[in-house]
Every structure is written in structure tokens, then in C-alpha cells.
Amino acid sequence: MQIRLDGRTALITGGSKGLGLAIAESYVESGAAVALVARGEEALASAKARILGKFQGARVAAISADVGTAEGCAQAARQAAAELGPVDILVNNAGTSQRGPFMEVDDALWQADLDLKLFAAIRLTRAVWPGMQERRWGRIINVLNIGAKAPAAGGAPTAVSRAAGMALTKILAGEGAPHNILVNGMLVGIIESDQWVRRHAADPRGISWEDWKAEQGKAVPMGRIGKAEEFAAMATFLASEQGGYVTGTAINVDGGRSPVV
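In full-length UniProt numbering, the protein residues as written are 1 to 261.
Don't read these hints as lab results, they were simulated from the structure.
Please read these numbers as outputs of a predicted model, since none were measured by experiment.
A hint or two may mislead.
[What the hints assert, rightly or not] Straight-line distance between alpha carbons at most 30 angstroms, and here's what the computed DSS-like set of lysine-lysine pairs gives:
id, residue 1, residue 2
1, Lys170, Lys149
2, Lys48, Lys17
3, Lys48, Lys213
4, Lys17, Lys227
5, Lys54, Lys170
6, Lys54, Lys17
7, Lys213, Lys17
8, Lys149, Lys48
9, Lys170, Lys227
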């Protein structure tokens, strides 16, 4: 089975590193034009150069915008359409892991987390939805984590934001289905990404990356942490015609780590 995205344009938030960049590379390899959205201009330039170096003739836009704000979301959607054309695929991937004891999470952190993870998805979906509905074709992928289904103590605010994102996914799937707008969630377990690279760097023991990965993988039934490319492969399938009958799902991409299906 060959999965192609020829003629499609994707907007990917958090697209300069980690999972977002892996998805962007997979989309470009499959024929799509890709708008990378992130805050850091240097990381965006590096990501764009990397993609153009790997895929001759790729159409890539690097958009510096803070999607944690209404203005940033509007800018990202507007610039992506101006540079690459109407957005067919939206990947809401922006977000960092914020968690701690409930009584230590103040209002400012709650608001920032909801703005970046939930409201960014709401605002960007609102921006691209009318065009998808008019063309009767759209794909929206909300990148969540397995805490959305099985939140643990100390998991706020991220688990709450992601659970809200899962509810949003189901609502949008129901409203989008008659218009061929398919909406799905992908729930991250432990996967090699920029976030986990930072966690390794912060480990005071100074153990190697390979040893650290092996240690983290012990908590996963498959015995290892996942690869960003494995996550991107699922995102590519869901964005393709081959995934044309899949909507309203929340798929665990976690090596079996989630305690619930």
C-alpha cells in the first residue's frame, strides 16, 4: 500500500522539532506541502533547511507564531494559506508537558496550558474549517497524550487539557463527518522527541542517551520507547485517502503503555 498526500497542504503546529518535524517530513515525502508553525525562528529555519535538503522540490513554509494566542493562530492560518494555498490537513501538535501537585498549579499555569493546547486547536480549527467544508475534504489530527484517557495523580494541568482535547476531537468528528472532514486524536506515550531529549539533558546522573532510553523503555510493555517516525507514520495514514473511513478515534501510540484502550 502506497500512502500519498499529493496536492494536499498541511499546517503543523510545534512543527520545528520532535514529533511535529517528523510528521512534516513524512507528509512532504508523501507529496504534501507543509507549513511549519512554531515560536522559535532559528529552529524553524533549521527545520525548513533540513526538509529542503532531504526532499528536492519540497514546498515548505516556516511560520513564526505563538499559537497560545488568538493573534498567533490567526497569523499562522493566514500565512499558511497565503504561502501554500488552502489548508487541507491541520495537525494540532503544539504543547509542552506541564504537571505537578494540584495545589501547586496556579491560575496562570492553568490558563497558559489551556491556551496552548486546547484553545490553539479550537482557534486553528475554526480558521481552516470553512474551506475544508466548502471543498468537502479535510483532516484534523489532535496530538494528545495517554493521560487524556487515564490521568494520574500529579498530572494537572496537561492531563486535563488533553482530556478536553479528546472531547473536542469527538465533537468535531461528529460535525465534520457529513462534510468529509475527518477528525482524530493521537495519544502519545513515551516517544523519542525534543521533550524527552530535554528530560535526558536534565537528568543529573549524566548517563548516556542510549542507556537513558533503555531505562525509560522498561515502563513500556514493548520494552522500548517509540520512534518519532513511527508516530509520524500513523499521522500520515490518518491524513490520507487510505484513512478515509476513520474519524472520531483516539488512538494510543504508546507501545501498549496505556492502561485503557
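Provide an ascending list of the numbers of those earlier hints which the structure does not satisfy.
Numbers 5, 8, in rising order.
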